[in-house]
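Asks: Protein chains in written order, with our numbering: chain A, 1 to 272; chain B, 1001 to 1351.
Note that these hints are calculated values from the structure, not bench results.
Be aware that one or more of the hints could be misleading.
[To be verified] With a straight-line Cα cutoff of 20 Å, these simulated EDC-like cross-link-like pairs (lysine to aspartate or glutamate) come out:
1) A:Lys-170 - B:Asp-1223
2) A:Lys-81 - B:Asp-1226
3) A:Lys-98 - B:Asp-1226
4) A:Lys-170 - B:Glu-1225
5) A:Lys-170 - B:Asp-1164
Treat the numbers as computed from the prediction; the structure is a model and nothing was measured.
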Amino acid sequence: MNVLTMTTRDTVAANQLERSSFAGGKSSATCMLTIENLTVTFDGIKAVDGLNLSVAQDELRVIIGPNGAGKTTLLDMICGKTRPTGGRIEFDGIDLGKLPEHKIVRAGVGRKFQTPSVYDDLSVSENLEISIPEGRGVLGCLLFRSTAAVRGRIEQVAEDVFLRSHLSMKAGKLSHGQKQWLEIGMLLMQNPRLLLLDEPVAGMSARERDQTAELLKRIAAGRSLIVIEHDMEFVKKIASKVTVLHQGRLLAEGDVDTVQRDERVIDVYLGH
Amino acid sequence: MSTIGTRGASSLWTFAAMAVLLLVVFPLSLDAFRLDLMSKYLSFAFVAVGIVLAWGYGGILSLGQGIFFGLGGYMMAMFLKLEASAPELPDFMVWSSVEQLPTWWLPFKSFAATLALIVVLPVVTAFPFAYAIFRKRVGGVYFAIVTLALALTMTVLIVGQQGDTGGANGITDFSTLLGMDILSDESKMVLYLIESLLLLVVMAAALFVIRSRLGKVLIAIRDREDRVRFSGYDTALIKAAVFALAALFSSIGGALYSLQTGLIAPSIVGVVASVEMVIYAAVGGRLSVYGAVLGAIFIGFMKSYLSENFPEIWLYFLGALFIGVVLFMPNGLAGLLDRVRLEAWRRALAK
């Protein structure tokens, strides 16, 4: 178990080195995630159909599309919740298609679900603590010590996700928006290189949305993010590049304005 | 942080109180007959502590803990029986015209090997079995049914192989351990004290698990197992490990049971017994290690009392108690105590 977490950490470290060397010039060339010809069939219906997509390092990509376009299914396949029927998902040179969920996480992929999934019976601080990558084996868990460094990191992340004053509160008592933040915080504890966020601002007030937009932009540095979102105002705030899915296929890709003016996109959203 | 400090101190006091109760109060206040019964209840407390970990924290409901209780109980009884009947074969083998000691009995000629197997065997059987099942994402009520079926299978197997296992009568008629009489009052007292110490060790181990990160991960698994996988944990591995630990506790309890009652039989390790063990933990409080021990003592005492005085109503009472606890006291006796304590606090503060 230890070996695995070590390698994950090492690659993260190596990656950070690599990133710093790119710091001068903007590097959009390195591909973090490459999806080729991805297909999944549920009872004969193709939820995702021959999809090709690539996300670069340091990129924040937003995926939009009408209901049933296959957005959530796409994230499910990347993080291993759903197994593809065909095609290939490659993350940083690793084929994710065959790995169990926990190994995909250990490889550096973090997932936030559509309905906020936090552990209601644990406090905010405990929720963050068990998301720390070190000590995920049975013995590792038993011997894990909450050191000053660990507590410092928990407080730092709690600060980042606006929950610094709620550390000892049970997660079940948080508001919907705060649960969304907590789940993002749990992902940050894992220090993933690819974050998959499914509707991160659902159920949030306008002010909370603004805060979240800032948060996402901040955490995108040094990582890749894929965000599913419906709220176009929010999308405009965060996205450089938008991918539009429709019936499991790629409909359009480009910056927000281009996509919004695209005839086919307008047609899909308003036409039917 | 200070709250954790005081909680740690108060739980140390609770543990000390429990130790005093087991090691001082019971031995001094109970007569030889009642203390003997107490030893029996305490052997079930080992199982209940395991159930608190597996079910209360990990959400793994096993209706087959009797299997592991039986493993420990039978292994100890086999050793004692071989000692009692040496150099002849055990009497039930002779009755079934078994002429040679079955090979799988041979390790139980040695006390050291028997003790080692009591510890090792439940772990090496429970862990791979549970891991294989949890990896297939079988859990919840389906896992409970599988364990229930296994408990039934084990009883049928034991009863059917009379020549090797003593059949429905079980293994009985032994009275010495390494030449020492185990039925005299003094040695019963010694065994009781050893059992209490072992129980305290098991309780401390369980409390350590609950306090560690593993305890938090178990709660998380109980509430949202799929999410825990996406925090990077192999949940099947962790659940199997806890199940194996609960099996180990049960086996130790079973071994002590045989040693103290001079008897082990299929009816003590079968389906009904296994379900009763879950009720101990539920009544005591499935989130409380202390509650589990008190639950085992309380139900054991009620069982003795009621079956002495009103033998026919015992099972009705047990059923009613279980329903009552599930309906009105989801956290069992321990939850009730907590509520009383909280109320006392509030009154003290109001003054």
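Asks: Hints first: check each against the structure and report whether it holds.
Replies: Do the hints match the structure? See the list:
| no. | hint | result |
| --- | --- | --- |
| 1 | A:Lys-170 - B:Asp-1223 | 14 Å, holds |
| 2 | A:Lys-81 - B:Asp-1226 | 9 Å, holds |
| 3 | A:Lys-98 - B:Asp-1226 | 18 Å, holds |
| 4 | A:Lys-170 - B:Glu-1225 | 18 Å, holds |
| 5 | A:Lys-170 - B:Asp-1164 | 55 Å, violated |
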